[in-house]
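Numbered according to our numbering, the sequence shown spans residues 1 to 461.
In case anyone wonders, no lab produced these hints; they're calculated from the structure. Positions of the beta carbon are idealized from the N, C-alpha and C atoms, including for glycine. Errors might be hidden in some of the hints.
Taking lysine-lysine pairs in the BS3-like style, the calculated list, with each CA pair at most 30 angstroms apart, reads [unchecked claim]:
| no. | residue 1 | residue 2 |
| --- | --- | --- |
| 1 | 258 | 197 |
| 2 | 27 | 69 |
| 3 | 4 | 27 |
| 4 | 56 | 369 |
| 5 | 294 | 16 |
| 6 | 369 | 358 |
| 7 | 5 | 27 |
| 8 | 69 | 4 |
| 9 | 27 | 139 |
| 10 | 5 | 56 |
| 11 | 56 | 4 |
| 12 | 5 | 176 |
| 13 | 197 | 358 |
| 14 | 69 | 176 |
| 15 | 258 | 16 |
| 16 | 197 | 27 |
| 17 | 27 | 176 |
| 18 | 176 | 56 |
| 19 | 16 | 369 |
| 20 | 176 | 4 |
| 21 | 258 | 294 |
| 22 | 27 | 16 |
| 23 | 139 | 69 |
| 24 | 139 | 176 |
| 25 | 197 | 176 |
| 26 | 358 | 56 |
| 27 | 294 | 369 |
| 28 | 258 | 56 |
Pairwise CB distance ranges, derived in the manner of DEER restraints [said to hold, decoys possible]:
| no. | residue 1 | residue 2 | range |
| --- | --- | --- | --- |
| 29 | 60 | 221 | 17 to 23 angstroms |
| 30 | 297 | 5 | 26 to 32 angstroms |
| 31 | 442 | 111 | 46 to 52 angstroms |
| 32 | 397 | 235 | 16 to 22 angstroms |
| 33 | 139 | 111 | 21 to 27 angstroms |
| 34 | 142 | 297 | 35 to 41 angstroms |
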Amino acid sequence: MPQKKHTIAFRTLGCKLNQCETAQMEKLARDAGFMSVSWHGHADVRVLNSCTVTAKTDRECRHEARRAKRNDPQSFLMMVGCYAQASPEAAAAVEGVDLVLGNPDKLNLGMYLSRAFVEKPVRATAVGEPPIIVTPYPKTRIFPALPIHHFGGYTRAFLEVQTGCDAHCSYCIIPKTRGPSCSMRLEEAVEQVRILKDAGYREVVLTGIHLGMWGRDTGEGTLADLLAALTALPDGPRIRVSSTEPMEIDERVLAVMKAAGTRVSPHFHVPLQSGSNAVLRRMNRLYTAEAYVKQVESIREAFPEAAIGADVIVGFPGETDSDFEESLYVVQTGPLTYVHVFAYSDRPGTVASALPDKVPPETIAERSKILRAAGSEKRRRFMNRFAGRYMEALVLARRDTAGRLEGLTGNYMQVLFEGSDALMNTHVEVLLERLDGDDIWHGRVMSPRAAEISSGSYGGR
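Using the sequences and the hints given, assemble the complete structure.
If you want it as structure tokens, here you go:
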């Protein structure tokens, strides 16, 4: 009689990079003989892939770990990832955590699973403390390439082609949790996209901590070279580029994307962080507000219908009313289509944490409200441009609460429509009829598209 497989469940908090690495860990677990199950049921092992970008996310990690152990007390709970890397003792102190693994260590998950369930248990020490395995990053490193074949629960695949960061923005803890920048080799990236295409994925989202630094450590070129190689793959999936620093979206990147036509989504996420040059200097951001606007205007000129988003931090130490007004001005007048607003969060160990002139929480809250309203107005105005248009959308493998299919256009607009399951994971043309209060289009499918994305200019007719 075959031996029953141990079960394992994963929960991902934080960025797209974490989603990639959870998919890698799922494969490692399968290779070790474990069967993946839902986080919401019983599992022999639970792996919480954590985030530490703000103090709020730290609290979410602790809360999720305690809740998971409370709901499934017999499970073996691993706290892994960025929170574990940055604050291993705090992660180990969370009630119910059985093992703490840092970012480099979680990619050896198969070994720790074998130790816990095949060889000898990796359980709490004699004093009741869980083991902490957090390896520091070396000064130079090789990209940890682990092939991904499947993203459970996702229609789109996420591909980590770069990790780590050498920029050292004064507010950011990421260099500590992710180490120095390193890149996936070009040949490996092309092969990984080919694997994902063969697995049926119609869109691949390129991710990285500092994506624009791809290739600098390997000498294989720049982001433009990577995009050129990936979009040259015959019958390949559409490529979407995630957050990229403004000065790294240069003329060559835009030219390659333009030449690729519909093989690349017209969607750019370009962090601003502040529209005040004084604040940008204190943040150690290596551009001015004027240079940022010029760069974003060049994107808009090349891609008139592209979605262009930005991150803005509100309430950075020393931010005056005048500084905030400058950020608001860039959002209101620049060619942005949406804004992610982040209230400044002190991270111990960062340069910004030691800066004077902290902004009161109530001031941060009020400024955030104003900036979000401005961003919502920009988003609404952009989306209204497409009323009555036919737009191509990728149909996601899910439905909303009313049973309608969900689609995502190349320029990052969500649309709901009626249709059969056969349309899932295909490209269709949708007539955008009505924009609701949540900035979601309601429409009708006009014609299914072939799974392959032909070359040509983006947009409907």
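Hint check:
no. : hint                           : verdict
1   : 258 to 197                     : holds, 22 angstroms
2   : 27 to 69                       : holds, 24 angstroms
3   : 4 to 27                        : holds, 19 angstroms
4   : 56 to 369                      : holds, 18 angstroms
5   : 294 to 16                      : holds, 28 angstroms
6   : 369 to 358                     : holds, 19 angstroms
7   : 5 to 27                        : holds, 15 angstroms
8   : 69 to 4                        : holds, 23 angstroms
9   : 27 to 139                      : holds, 28 angstroms
10  : 5 to 56                        : violated, 36 angstroms
11  : 56 to 4                        : violated, 39 angstroms
12  : 5 to 176                       : violated, 37 angstroms
13  : 197 to 358                     : violated, 49 angstroms
14  : 69 to 176                      : holds, 28 angstroms
15  : 258 to 16                      : holds, 25 angstroms
16  : 197 to 27                      : holds, 18 angstroms
17  : 27 to 176                      : holds, 26 angstroms
18  : 176 to 56                      : holds, 18 angstroms
19  : 16 to 369                      : holds, 26 angstroms
20  : 176 to 4                       : violated, 40 angstroms
21  : 258 to 294                     : holds, 19 angstroms
22  : 27 to 16                       : holds, 17 angstroms
23  : 139 to 69                      : violated, 36 angstroms
24  : 139 to 176                     : holds, 12 angstroms
25  : 197 to 176                     : violated, 34 angstroms
26  : 358 to 56                      : holds, 18 angstroms
27  : 294 to 369                     : holds, 26 angstroms
28  : 258 to 56                      : violated, 39 angstroms
29  : 60 to 221: 17 to 23 angstroms  : violated, 38 angstroms
30  : 297 to 5: 26 to 32 angstroms   : violated, 55 angstroms
31  : 442 to 111: 46 to 52 angstroms : holds, 49 angstroms
32  : 397 to 235: 16 to 22 angstroms : holds, 20 angstroms
33  : 139 to 111: 21 to 27 angstroms : holds, 25 angstroms
34  : 142 to 297: 35 to 41 angstroms : holds, 38 angstroms
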